[in-house]
Amino acid sequence: MYRTLIKDLYMEVRMFNVRAIVAALVSTILIGLLLMRLFQLQIIEHAHFDTLSDNNRVRLMSSNPNRGLIYDRQGMVIAENRPTFSLDITPEEVGNVDDTLQELAKIITINESDITQFKKALKRHKPFQGVSLRTNLNEKEVAILAVNRHRFPGVDFKTQLTRFYPMGTSAVHVLGYVGRIDEKELQRVDSSQYSGSSPIGKVGIERYYEDELHGKVGYKKVEVNVQGRVLRVLEEIPPVPGKDLILSIDARLQSIAEKAMGDNSGALVAIEPDTGEILAMVSMPLYDPNLFVHGISTKAYKALHRAGRRPQFNRALSGQYPPGSIMKPFIGLGGLDSGHMGLHEEVDCEGYFMLPNEERKYRDWKKTGHGSTTIRKALAESCDVYFYQLAYKMGIDRIFNFLDMFGFGKKTGIDTTSERRGLLPSREWKRKEKKTIWYPGETVITGIGQGYMLATPLQMASATAALSLQGKRKQPHLLRAIRNNQTGETLTIQVADPKPATIKSKRQWTQIINGMKDVVHGVHGSARAIGYDLSYEMAGKTGTAQVYGIAQDEEYDEESLAKKLRDHALFTAFAPIKSPKIAVAVIVENGGSGGKVAAPIAKEVINYYLQNNDGKNVH
Amino acid sequence: MYTDTIGSQNSGRFRLLQSMHLDPPLVFALLLLTACGLGILYSAGGQNIDLIIRQSTRLALAFGVMLLMAQIPPQNFKLWAPWIFLLGVTLLAFVLILGDIGKGAQRWLDFGFVRFQPSEMMKLATPMVVAWYLADKALPPSFKHLLIAFVLVIIPTMLIAKQPDLGTSLLIAAAGFFIIYFASLKWRFIAGFTLLTGALTPVVWHYMHAYQRQRVLTFLNPESDPLGAGYHIIQSKIAIGSGGLYGKGWLNGTQSHLDFLPERSTDFIFSVFAEEFGFMGVILLLAIYFFIVIRGLVIASSAQDSFGRLLAGSLSMTFLVYLFVNVGMVSGLLPVVGVPLPLVSYGGTSMVTLMAGFGMLMSINSHRRLLRK
Numbered sequence: 002m003y004r005t006l007i008k009d010l011y012m013e014v015r016m017f018n019v020r021a022i023v024a025a026l027v028s029t030i031l032i033g034l035l036l037m038r039l040f041q042l043q044i045i046e047h048a049h050f051d052t053l054s055d056n057n058r059v060r061l062m063s064s065n066p067n068r069g070l071i072y073d074r075q076g077m078v079i080a081e082n083r084p085t086f087s088l089d090i091t092p093e094e095v096g097n098v099d100d101t102l103q104e105l106a107k108i109i110t111i112n113e114s115d116i117t118q119f120k121k122a123l124k125r126h127k128p129f130q131g132v133s134l135r136t137n138l139n140e141k142e143v144a145i146l147a148v149n150r151h152r153f154p155g156v157d158f159k160t161q162l163t164r165f166y167p168m169g170t171s172a173v174h175v176l177g178y179v180g181r182i183d184e185k186e187l188q189r190v191d192s193s194q195y196s197g198s199s200p201i202g203k204v205g206i207e208r209y210y211e212d213e214l215h216g217k218v219g220y221k222k223v224e225v226n227v228q229g230r231v232l233r234v235l236e237e238i239p240p241v242p243g244k245d246l247i248l249s250i251d252a253r254l255q256s257i258a259e260k261a262m263g264d265n266s267g268a269l270v271a272i273e274p275d276t277g278e279i280l281a282m283v284s285m286p287l288y289d290p291n292l293f294v295h296g297i298s299t300k301a302y303k304a305l306h307r308a309g310r311r312p313q314f315n316r317a318l319s320g321q322y323p324p325g326s327i328m329k330p331f332i333g334l335g336g337l338d339s340g341h342m343g344l345h346e347e348v349d350c351e352g353y354f355m356l357p358n359e360e361r362k363y364r365d366w367k368k369t370g371h372g373s374t375t376i377r378k379a380l381a382e383s384c385d386v387y388f389y390q391l392a393y394k395m396g397i398d399r400i401f402n403f404l405d406m407f408g409f410g411k412k413t414g415i416d417t418t419s420e421r422r423g424l425l426p427s428r429e430w431k432r433k434e435k436k437t438i439w440y441p442g443e444t445v446i447t448g449i450g451q452g453y454m455l456a457t458p459l460q461m462a463s464a465t466a467a468l469s470l471q472g473k474r475k476q477p478h479l480l481r482a483i484r485n486n487q488t489g490e491t492l493t494i495q496v497a498d499p500k501p502a503t504i505k506s507k508r509q510w511t512q513i514i515n516g517m518k519d520v521v522h523g524v525h526g527s528a529r530a531i532g533y534d535l536s537y538e539m540a541g542k543t544g545t546a547q548v549y550g551i552a553q554d555e556e557y558d559e560e561s562l563a564k565k566l567r568d569h570a571l572f573t574a575f576a577p578i579k580s581p582k583i584a585v586a587v588i589v590e591n592g593g594s595g596g597k598v599a600a601p602i603a604k605e606v607i608n609y610y611l612q613n614n615d616g617k618n619v620h
Numbered sequence: 002m003y004t005d006t007i008g009s010q011n012s013g014r015f016r017l018l019q020s021m022h023l024d025p026p027l028v029f030a031l032l033l034l035t036a037c038g039l040g041i042l043y044s045a046g047g048q049n050i051d052l053i054i055r056q057s058t059r060l061a062l063a064f065g066v067m068l069l070m071a072q073i074p075p076q077n078f079k080l081w082a083p084w085i086f087l088l089g090v091t092l093l094a095f096v097l098i099l100g101d102i103g104k105g106a107q108r109w110l111d112f113g114f115v116r117f118q119p120s121e122m123m124k125l126a127t128p129m130v131v132a133w134y135l136a137d138k139a140l141p142p143s144f145k146h147l148l149i150a151f152v153l154v155i156i157p158t159m160l161i162a163k164q165p166d167l168g169t170s171l172l173i174a175a176a177g178f179f180i181i182y183f184a185s186l187k188w189r190f191i192a193g194f195t196l197l198t199g200a201l202t203p204v205v206w207h208y209m210h211a212y213q214r215q216r217v218l219t220f221l222n223p224e225s226d227p228l229g230a231g232y233h234i235i236q237s238k239i240a241i242g243s244g245g246l247y248g249k250g251w252l253n254g255t256q257s258h259l260d261f262l263p264e265r266s267t268d269f270i271f272s273v274f275a276e277e278f279g280f281m282g283v284i285l286l287l288a289i290y291f292f293i294v295i296r297g298l299v300i301a302s303s304a305q306d307s308f309g310r311l312l313a314g315s316l317s318m319t320f321l322v323y324l325f326v327n328v329g330m331v332s333g334l335l336p337v338v339g340v341p342l343p344l345v346s347y348g349g350t351s352m353v354t355l356m357a358g359f360g361m362l363m364s365i366n367s368h369r370r371l372l373r374k
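Which chain is which? The protein sequence lines are A and B, in order.
Per the working numbering, residue 2 is the first one in the first sequence, and the count goes up by one each step.
Per the working numbering, residue 2 is the first one in the second sequence, and the count goes up by one each step.
Simulated from the structure, these hints should not be mistaken for laboratory data.
Here the structure is a predicted model, which means the values were calculated and not measured.
Among the hints, a few may not be true.
One side of the interface only, derived from the structure: several residues of chain A facing chain B at Cβ under 7 Å [what the hints assert, rightly or not]:
1. 57
2. 58
3. 64
4. 65
5. 67
Just so you have them, the derived chain A footprint on chain B, three or more residues with Cβ under 8 Å [as the list claims (entries may be wrong)]:
6. 270–281
7. 302–310
In this text, a Cβ means the ideal position worked out from N, Cα and C, and glycines have one as well.
The following block holds chain A by itself, in its conformation from the complex (with noise of 0.2 Å):
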């Protein structure tokens, strides 16, 4: 018994022993697998994980950059970046959100909009970041709160610069307005600049320099706890201001043709024919541009459509209308430049124009006929016998050719958006389009700038220009210089200017514009009436064109007629004439006649121009 005792002592320490070292053994494996696992952790996914840190704790935030100004020829600035508040509650700083929401709306105007729009923004904001409230506070508003301020922990106004434009609405077409980003926009451009809140040009000088006037974006890395609360800048990109753009626009010259326009529909360009450069580009009516800058409300945007007049259809680029007599001066300058009407060469106006072997009759303006008429008569008293007469001698191809010389019928790349090209009618448009052949009647009143024609007043404008400087032609455009404001430097753009229009002999330029100057100065000129008291020489053409179609022998009694039945009134000139400083169109929708109502408005802005600026260029 104690034998076995003493021997089965021995043999348990023994297997105790064994089972000590497997133990130990155990103990190695489960550590040894531990630390395999973290080597996996730690060294192998290392990266992994590393990024993962990072991306919780690191945070990048954009500083949107400030868009570049945009100044007016003599520098006065026309686009602005003004500061505006915005009320912004940071919900983990406030007790209670309703109570201060109570609070607030006692000193400041808060309306259900606005709240309903912040209860929504809060249920997706990131924690530690402030709410928007209330956009655009007024200039007491922020003083009531900067004075109650202490009453409010977590409320905040923050500053920001935003889109102005001081003139209202004067240029709001050649400025055009930026807006909020849209989908759209974020697909076209490249996203990353555009994180945040910053703006995009959405029409206009503001669309078409964008990628100028935008600038870059900064970007802060700053360190976040869990919560989202900015802890430390980590490392900061400043963003990169826009550029600055200097237009060739004339501001105040724009605003003494918006007034002439009065309250018509319409357009006016004045372009300065040795550069091409455009002083004023109006369409009418009007429209404010601020108040798209905060997004529009859908009130404010029906009202502007109310009256049906489409105030953001900018009829100087993208209206099309039929030309006129104003194309009169073009025809004649082919006919006479192909040999198909003489310097002097008279046709006799009875009043009306037939063509061989067909009934129907081309009338005149004038009933009675202007009797014998040269090319210079024929332009000053607009008569219409002697150019249907000439348009059917030369034919439609021969008058394509040559108006195509001066830029009808295409685009004229302006730096601007939503130019629309016209339409300058050939053989080939009519087949492609209209799947007939080309009538010999439709060249017949092409010679007045009826029919299939279209040109906007841009094109006019332009043409007009060149007419001024006997065939040569500048590139029509807005940008005059781009001014980098961080270092100073100012660069002129220079733009490459289209072929010029050939004509064979100096005398029939001479004769053309001899006729246009009887339009104002000549005892029968279609706009005598503005030729009295001018200081100066200017050439002009007169234009009715109509909206109306008159059924044969049908008299047209502009009286009876409702007003948009009414011809649009039309009229184009350039002054002074030896040397040529600025070439105005001017299109007055349902104007009635050119020379009384379109005539006038173009002399305002002639008058005004070469009295305040003798040619030169201030800025």
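Put chain B on the given structure of chain A with help from the hints.
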């Protein structure tokens, strides 16, 4: 035999510790570990001095308990074992009944001046009673003895699982199992048990509630629920992984200091350490733990009687289980069960129990009957 060698090596310098019945290598390892723990806690707790003071107070108390336990000869533990066990089981039952009345989980007994957790007591009482039972039997144990030993383990395990405190009940079951293991449970029993567990897994899965299955699935793929149940483990893995080889440096862990890592002072404190000290630090920390476990096993093999051997072996291996479950949990190897990192995590009760266990180890090591002299 072993102690003689160690004793002669350290005879000069460590006489004082030895005269206090303490084991110098173990004391130094524990001091080193707890010092590291305080350092990590200072960082994890956001450099809160109050936290450190409270933890240090607890540590002092725990070392005091260890010193006290070391003075008690192991024969006394053996003598008291059944009575402590009976008291513990009674208290557990009491707690369960109180919990039923209070309608909710109840782990604490509140005596007014001190709150007491009977399940902590059972962490020591269970291995003690199993060791007491098996020590006098001829080993390896007969089937009958084995069965009784299992019953002794299962009673407290079930009572605590019902609280419910799954983590603690598993630790107690492990402690009891290690006694049976060291009592030379036949290998074929162990193999059979392992096989049975494996075979039962699909059956258990079948009878599990949907939310329990969800918990298992979240453990297997925490990324499937990154904001809910998977959040802890994802953030913990990010903390550990981003530490790399050398770590981000003390007090520089971003996951912990920017609050991404939850429970960083308690259950997930290892992740803070791994983030700030990297793989190198982790190797050193695990080395300290490994040393403690091995030192415990050495003490066990040199113990004079069966009771001491069994208890010492079980205490050492339970300590390892603590470590493995916690580190396995924070590194995504094991599901999230609330087991703290032993002697490092912030919190008192388990620390006192652990140090009491080390006190017993030292008592077993130092109180020797001079039998064979």
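If you take the shortest Cβ to Cβ gap from residue 57(A) to chain B, is it below 7 Å? With a closest approach of 5 Å, the residue 57(A) hint holds.
Does the nearest C-beta of chain B fall within a distance shorter than 7 Å of the C-beta of residue 67(A)? The hint is violated - residue 67(A) has no Cβ within 7 Å of chain B, the shortest such distance being about 33 Å.
Coverage claim, chain A over the segment 270–281 of chain B, checked by counting residues with Cβ within 8 Å (three needed): holds (count 3)
Three residues minimum, CB to CB under 8 Å: does the segment 302–310 of chain B make the cut for coverage by chain A? Let me know. holds (count 3)
Take the shortest C-beta to C-beta distance between residue 64(A) and chain B; is it under 7 Å? violated (23 Å)
Hinted contact residue 58(A) with chain B - closest CB pair below 7 Å: holds (5 Å)
Measuring from the C-beta of residue 65(A) to each C-beta in chain B, is the shortest one below 7 Å? violated (27 Å)
Comparing the model with each numbered hint stated earlier shows that hints 3, 4, 5 do not hold.
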